[in-house]
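Trainee: Residues per chain, in single letters:
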Amino acid sequence: MKVTGVVMMNFSLKQYRRMIPFTVAFAAMAGSALTQAADLNGAKQKAEQVCAACHGKDGNSPVDPSYPRLAGQHQDYLRQALLDYHSDSRKNAIMGAQAKALTKKEIGDLAAYYASLPGQLVVRK
Amino acid sequence: MKSSAFAATVFVAASLACPSLFAADAVQGSAEAARNKVSMCIGCHGIPGYKASFPSVYSVPMISGQSPKYLENALMAYKKGERSHPTMRGIAAGLSDQDMADLAAYYGGGQQSAAAPAAAAK
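Chains as they are written, first to last, in my numbering: chain A, 1 to 125; chain B, 1001 to 1122.
For reference, chain A alone in the conformation it holds in the complex (with noise of 0.2 Å):
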């Protein structure tokens, strides 16, 4: 028996079910690569209201050269930086207050949206 999808592919009934395992992963790839989306939206939305205040809208524009840049850092580091903040590991009066008003979520998605804007950083050799 075949059965003809849309695509015009024949495919028997026991290939279909081969294919099973893969469609699901990849729909479930899908689907976890739209939920990361909505947090970065999310982040925007936060580092827009909060962060820009220093950092700069793009990240990459500090209202004082002693703030860092953030755009285009490497996203763990960043993270790093927020939960290091968020413990007292790093101690800085500023970042202290505004990383405890953090979840590890929202560190995470922050992290994620610095680390995809596009920035001058570079790695010097």
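To be clear, the hints were calculated from the coordinates, so they are not data collected in a lab. This one's a predicted model, so the numbers in the text were calculated from it and none came from an experiment. Accuracy of the hints is not assured; some may be wrong.
Here are the computed lysine-lysine pairs in the DSS-like style, where the Cα-Cα straight-line distance is at most 27 Å [as the list claims (entries may be wrong)]:
1. LYS100/A with LYS44/A
2. LYS1079/B with LYS91/A
3. LYS105/A with LYS1079/B
Mind docking chain B on chain A? Use the hints.
Mentor: Chain B only, in chain A's frame:
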């Protein structure tokens, strides 16, 4: 004439008595001087994708392109214990104010070196 000489004497005496008063902003970083000092930095910060492995695993930050002021403050914070990374604390502990200013000028060079003093002056 006499009073200006007196003023100069007072100024010199004051500088000698409390050098920190005048030294605070006197340390000028030299990117050129840093060339002999970056060997401690490049083993981690000069390798694309390098991750610190202790006490937890995450990418070492990209530091080139930050402002000299931020970099100098970061090194000072490690030296004072306000930042906790063990390797960076060990390295910063051995740096003088001049070393920090030089390294900050080296990694914070580019467009920043011209912009930072102007911004700091306001």
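Trainee: Now tell me if each hint is right for this structure.
Mentor: Results of checking the hints against the structure:
no. : hint                    : verdict
1   : LYS100/A with LYS44/A   : holds (19 Å)
2   : LYS1079/B with LYS91/A  : holds (13 Å)
3   : LYS105/A with LYS1079/B : violated (31 Å)
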